[in-house]
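Asker: On the provided structure of chain X, position chain U as indicated by the hints.
2 protein chains.
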Amino acid sequence: MSKEKNKEGISVKKSEDISEWYSEVVQKAELADYSQVKGFMIIRPNAYGIWEKIQNYFDKYLKRKGVRNAYFPLLIPESFFKKEAEHAKGFAPELAWVEKNPNEEGERLGIRPTSETIMYDSYSKWIRSWRDLPLKINQWCNVLRWEVKQTRPFLRTREFLWQEGHCVYETKKECDKEVREILDEYKKLCEELLAIPVIAGTKTKSEKFAGAFYTTTIESLMPDGRALQMGTSHNLGQGFAKAFGIKFRDKNEKEQTPWQSSWGISTRLIGSVILTHGDDKGLVLPPNVAEKKVVIVPIMFKEKSGNIIKKAREIKKKLSEFDVFLDDREGYSAGWKFNEWEMKGIPIRIEVGPKDVEKKQVILVRRDNGKKEIVKESELKKKIPKILDDIQKNLFKKAKKFLDENIVEVKNYDEFKRAIKNRKFVSVYFSEDEKLEAKIKEETGATSSCVPFNQKGEGKCIFTGKPAKKILFARAY
Amino acid sequence: MSKEKNKEGISVKKSEDISEWYSEVVQKAELADYSQVKGFMIIRPNAYGIWEKIQNYFDKYLKRKGVRNAYFPLLIPESFFKKEAEHAKGFAPELAWVEKNPNEEGERLGIRPTSETIMYDSYSKWIRSWRDLPLKINQWCNVLRWEVKQTRPFLRTREFLWQEGHCVYETKKECDKEVREILDEYKKLCEELLAIPVIAGTKTKSEKFAGAFYTTTIESLMPDGRALQMGTSHNLGQGFAKAFGIKFRDKNEKEQTPWQSSWGISTRLIGSVILTHGDDKGLVLPPNVAEKKVVIVPIMFKEKSGNIIKKAREIKKKLSEFDVFLDDREGYSAGWKFNEWEMKGIPIRIEVGPKDVEKKQVILVRRDNGKKEIVKESELKKKIPKILDDIQKNLFKKAKKFLDENIVEVKNYDEFKRAIKNRKFVSVYFSEDEKLEAKIKEETGATSSCVPFNQKGEGKCIFTGKPAKKILFARAY
Numbered sequence: 123m124s125k126e127k128n129k130e131g132i133s134v135k136k137s138e139d140i141s142e143w144y145s146e147v148v149q150k151a152e153l154a155d156y157s158q159v160k161g162f163m164i165i166r167p168n169a170y171g172i173w174e175k176i177q178n179y180f181d182k183y184l185k186r187k188g189v190r191n192a193y194f195p196l197l198i199p200e201s202f203f204k205k206e207a208e209h210a211k212g213f214a215p216e217l218a219w220v221e222k223n224p225n226e227e228g229e230r231l232g233i234r235p236t237s238e239t240i241m242y243d244s245y246s247k248w249i250r251s252w253r254d255l256p257l258k259i260n261q262w263c264n265v266l267r268w269e270v271k272q273t274r275p276f277l278r279t280r281e282f283l284w285q286e287g288h289c290v291y292e293t294k295k296e297c298d299k300e301v302r303e304i305l306d307e308y309k310k311l312c313e314e315l316l317a318i319p320v321i322a323g324t325k326t327k328s329e330k331f332a333g334a335f336y337t338t339t340i341e342s343l344m345p346d347g348r349a350l351q352m353g354t355s356h357n358l359g360q361g362f363a364k365a366f367g368i369k370f371r372d373k374n375e376k377e378q379t380p381w382q383s384s385w386g387i388s389t390r391l392i393g394s395v396i397l398t399h400g401d402d403k404g405l406v407l408p409p410n411v412a413e414k415k416v417v418i419v420p421i422m423f424k425e426k427s428g429n430i431i432k433k434a435r436e437i438k439k440k441l442s443e444f445d446v447f448l449d450d451r452e453g454y455s456a457g458w459k460f461n462e463w464e465m466k467g468i469p470i471r472i473e474v475g476p477k478d479v480e481k482k483q484v485i486l487v488r489r490d491n492g493k494k495e496i497v498k499e500s501e502l503k504k505k506i507p508k509i510l511d512d513i514q515k516n517l518f519k520k521a522k523k524f525l526d527e528n529i530v531e532v533k534n535y536d537e538f539k540r541a542i543k544n545r546k547f548v549s550v551y552f553s554e555d556e557k558l559e560a561k562i563k564e565e566t567g568a569t570s571s572c573v574p575f576n577q578k579g580e581g582k583c584i585f586t587g588k589p590a591k592k593i594l595f596a597r598a599y
Numbered sequence: 123m124s125k126e127k128n129k130e131g132i133s134v135k136k137s138e139d140i141s142e143w144y145s146e147v148v149q150k151a152e153l154a155d156y157s158q159v160k161g162f163m164i165i166r167p168n169a170y171g172i173w174e175k176i177q178n179y180f181d182k183y184l185k186r187k188g189v190r191n192a193y194f195p196l197l198i199p200e201s202f203f204k205k206e207a208e209h210a211k212g213f214a215p216e217l218a219w220v221e222k223n224p225n226e227e228g229e230r231l232g233i234r235p236t237s238e239t240i241m242y243d244s245y246s247k248w249i250r251s252w253r254d255l256p257l258k259i260n261q262w263c264n265v266l267r268w269e270v271k272q273t274r275p276f277l278r279t280r281e282f283l284w285q286e287g288h289c290v291y292e293t294k295k296e297c298d299k300e301v302r303e304i305l306d307e308y309k310k311l312c313e314e315l316l317a318i319p320v321i322a323g324t325k326t327k328s329e330k331f332a333g334a335f336y337t338t339t340i341e342s343l344m345p346d347g348r349a350l351q352m353g354t355s356h357n358l359g360q361g362f363a364k365a366f367g368i369k370f371r372d373k374n375e376k377e378q379t380p381w382q383s384s385w386g387i388s389t390r391l392i393g394s395v396i397l398t399h400g401d402d403k404g405l406v407l408p409p410n411v412a413e414k415k416v417v418i419v420p421i422m423f424k425e426k427s428g429n430i431i432k433k434a435r436e437i438k439k440k441l442s443e444f445d446v447f448l449d450d451r452e453g454y455s456a457g458w459k460f461n462e463w464e465m466k467g468i469p470i471r472i473e474v475g476p477k478d479v480e481k482k483q484v485i486l487v488r489r490d491n492g493k494k495e496i497v498k499e500s501e502l503k504k505k506i507p508k509i510l511d512d513i514q515k516n517l518f519k520k521a522k523k524f525l526d527e528n529i530v531e532v533k534n535y536d537e538f539k540r541a542i543k544n545r546k547f548v549s550v551y552f553s554e555d556e557k558l559e560a561k562i563k564e565e566t567g568a569t570s571s572c573v574p575f576n577q578k579g580e581g582k583c584i585f586t587g588k589p590a591k592k593i594l595f596a597r598a599y
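Chains X and U, in that order, are what the protein sequence lines are. Note that our numbering gives residue 547 to position 425 of the first sequence, counting from 1, and the numbers run on in steps of one. Note that our numbering gives residue 584 to position 462 of the second sequence, counting from 1, and the numbers run on in steps of one.
Same shape as in the complex, but just chain X:
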C-alpha cells in the first residue's frame, strides 16, 4: 500500500459490510498483505508490533511460572502423526508434506501443524523419574495447516505464529490445576492487554482438540455476532503418554504414566483486536498493545513553522516515556496526517498550532471516542497516563457491553435458530450430543463455543429433556 492511497480512508462502514471493512483496515493500516501464495499472509510491522506486545506479556508470565522455551523441528516424520489415533485423524486433512528427495532414505515428512507428536517423542527419552517432573516447555514458532475454508488475514491462514506450551505432570490433579491456571492467564491477557472480554469454559466433545481428554477455551464475540476462539488449554490426559511411551518411576520406584497438557495462543489475536475495536476510520489500538501511543502533529503555518516545530520537539522530549513520536514530515498536510494516524489506530493525537504555542497549550484528541480537549502544556505529563488508562478501560467497557447485550438465552430450537440468524451468542441448555451438534451446525451454521465455567445447577436440554448445562452457540470464525 503506497502512502498516497491511505488518504482515501476506508470505503465501507463497519456496520454495513464488516468483511470488506476488515480487509480494507488490514491493508490500509498496513497490518498485513496478501501473499502470492494462497492462504498465506505477510505480517507487516504495524501488526507484528502487537504480536510483540503479546509475546512480551506472556513470556514474562512463562518465566515466572518456570516454563522454559525450546525449539523443536519444523518437519515431523509421518509415523509420529499416526501414533495417537484421534490426533492423527484430526490433523490428517490439514497436513502439508515435503517432497521426498529420491536420493534420501527415511520417512515422509510433514510440516508441523502443532508439535505434540515430535515433542512427546523427545519427552519419552528425557523423562525417567518423578524428579524430572513437572516438565514445562514452550515454543514460539510458525505452524502450517492447509485450510480448505476461506482464509482471512490473522483469523484463518494456512500459516500462523503462535506459542505452544507442553507440560508433563505426575498427577491428574496437578495437570487440571495448571490447565486452568494457563487459561486464566490467557483471559487476563485478552482483557487487560487487548481490552477484549472473553467467556471461559470447556469445549464440547465435538469441538475439543484432537487427542485431548478435555479442552478449556476462552471465547469472544465479534461485532458481526460470530464467536472467536481466543486461546485454548488442553488436559491431554494420558493418551499421548501411552502412545509415545512416556513413563516415570514414582517415589516408590513404581512405573507410572504421567498426565500432560498443551496450550496455545496465536497471531489470530491480532485479528480480534482489529475486529473488536476498529471503527469507520480504521484501526483503534488499546494503549497496552500500541507500540506508539501518542503522535504529535505540528500544524504548520509558513511564517511561524520554526517555533511550532521547536515546541513540538520540546513536547516530544518531555513525554518520551509514553512512546511518543513526532510527525514532522514535510509535504503532507496536517489533515492528511490526522487521517493516517487515525487509520493506524494511535491512541492519542496531540496537535500543536501557532495559537497553542502562544497560549502554552495543545489540543489533545482521543482515538477511541474522537473527543478533543485543550490541555495546558504544564499538565500534559500528568494527564497522558490517565487518558491512556481511560482509553484502555473505555474500550474494554464498550466491548463488554456489546458481549453482555448479545448473549441471549433461548428455550427451544425455534428461538435458537432465530437468535443465531440475529447474530447472537446463544445460551441454551444442551446435553452434549455429537450427532445433534452436527445437525445444528448443518441447519444453522452455528457451533458450540463453550460450556461456561461455574454454572449453578443444571436445566433441561431443549432437545432431549435430559439434565444439561448451559452451552453457548454461535457462528464461529
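Source of the hints: derived by calculation from the structure; they are not laboratory data. There is no bait here: all hints are sound.
For identical chains, the list gives no copy identity; a pair is met inside one copy or between any two copies.
With a Cα cut of at most 20 Å, we get these calculated PhoX-like pairs of lysine-lysine: (1) Lys-222 with Lys-160; (2) Lys-175 with Lys-185; (3) Lys-373 with Lys-295; (4) Lys-185 with Lys-414; (5) Lys-310 with Lys-182; (6) Lys-175 with Lys-187; (7) Lys-424 with Lys-459; (8) Lys-592 with Lys-561; (9) Lys-258 with Lys-414; (10) Lys-438 with Lys-187; (11) Lys-439 with Lys-187; (12) Lys-160 with Lys-247; (13) Lys-271 with Lys-222; (14) Lys-185 with Lys-438; (15) Lys-414 with Lys-187; (16) Lys-557 with Lys-327; (17) Lys-539 with Lys-592; (18) Lys-440 with Lys-498; (19) Lys-439 with Lys-185; (20) Lys-438 with Lys-477.
Answerer: Below, chain U without anything else, positioned relative to chain X:
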C-alpha cells in the same frame, strides 16, 4: 538424557577429540538433542536461553536503529527463486519443496532458505517514492537448507533459527554505511556478549552471498583451528531491485533503482560459544549469556541441614538480582551437583557448609578457572558482580590470546599448506582469483575466510605476483 547419566561426565578430552567432545557436551549439558529426522536438531531450554540472550541484545539494537520486525511466509513460489540468477543458482541445491496438492492450482512452493525473494516481491509493491525510504525490516524465523555435508548441532543443521534484516536505501553510500554499521554491531555482540573475538572483513568473490554485490563477515577461529563464520552483512547492490522491480521516484520525480542490504546471525552462534569456551568438564558460559549465573549448593550434614538450608535461602534472597538459583534437591550428593552445574556451565558456584554457616562465610568457585575462595557473607553482594565481570573478561582474553597466537603469515604455498595442516588461521597476500581459490580448497581443504578491513598498503600475491591484499584462509565449519 536422564539426570543420572550426567554424573558420568565427558568421556574424552577436548584437546584429544574435539568432535566427540562437542557431541557429548551438547547432549550432556542438555543443549540439543538429535531429531529422528536426519540433519535436524531439537534446541533444548539450556541452549534456547543463550539464543534468547542474543535476541534480547540484538532486538534492542534494532529498535534503537528504527528497524521494525515483521513476518513473511515460510513458503516461496518457485518463480520468485528464479528471478535473480546468481541467487537462484546458489540456493537451488539446498531447497526443500512442498508436495503439490493435486487439487490445488498454483506454483510449486519451496521452504525458505532465506527470504530475499519473497520480501522483495512485497517491497516492490510498498515502495513508491523517496518518502518510503529507507525501509528497514527484520524477521526472526526458522529457515531450511537441505545440507548434504555432515550436519552438527548448531554449527550446520538443515533447519536453524536466525534473524534476517532486509533494508532498502536511496543511495549506495547510505547502504555501504549501514552494511558496515550492522557488521560492527555483530562484532560487538560476539565480543561483549559471547566473549568471542572476531575478525571483520569482506568475503572474496568465491565466498560471497549468492546475488550480493559484496559480503562483509565476522570470522572467529575455533580451538580446532577451523574458522567459523559468525555473521554476515551484505550489500546486495541493485541486482535484486532490478530483478523484482523495486523502484522509487526521487525528489525530482525521477524514477530510480534503490540499493539494498541483508544481514543475519543464527543459532550457529550457540555452537561457537560451546566450542570456544567449553572445557573437559563441559560447558563454560560467559556470564552475559548465562540465564542462571550463580548456583548455591548447600553441603548437607544430617544434624545441621536445617540451618544450612536456611542460610542458603537467605543468601539466595540477598543475591536475587544476579540470577541465582538454589539446588536444594534431596537425594543427590553435593559432589554430584557440583558436576552437574559444571557440566552445564554455570559461571559461579557458592557452597554453604556447616563450618561456613558458623563463620558467616561461603566458598565461591569460578567455573572458568576453577579457583576457590572463601568469601565473607557480608561481602558477597559486592563481590559477585565483580567476579562475573572478571569471568566475562577472562574468557574473552583467553580466546583472544588463542586467536592472536594462531594467525600465521605465510610467504609461499608450501608454508601455506603446512600452516593449514597445523590448523592455523593463515594470512597470505592473495590476488582474488576464483579458480585459484577452488584449487587451494581442493588441495588443502582451506577456504578464504575474509579480507580483513583496514589493511595498510598491499603486498604481492604469493601465486601470481600481482598486487594483493592479505586474505585469511582456514578450514571452515
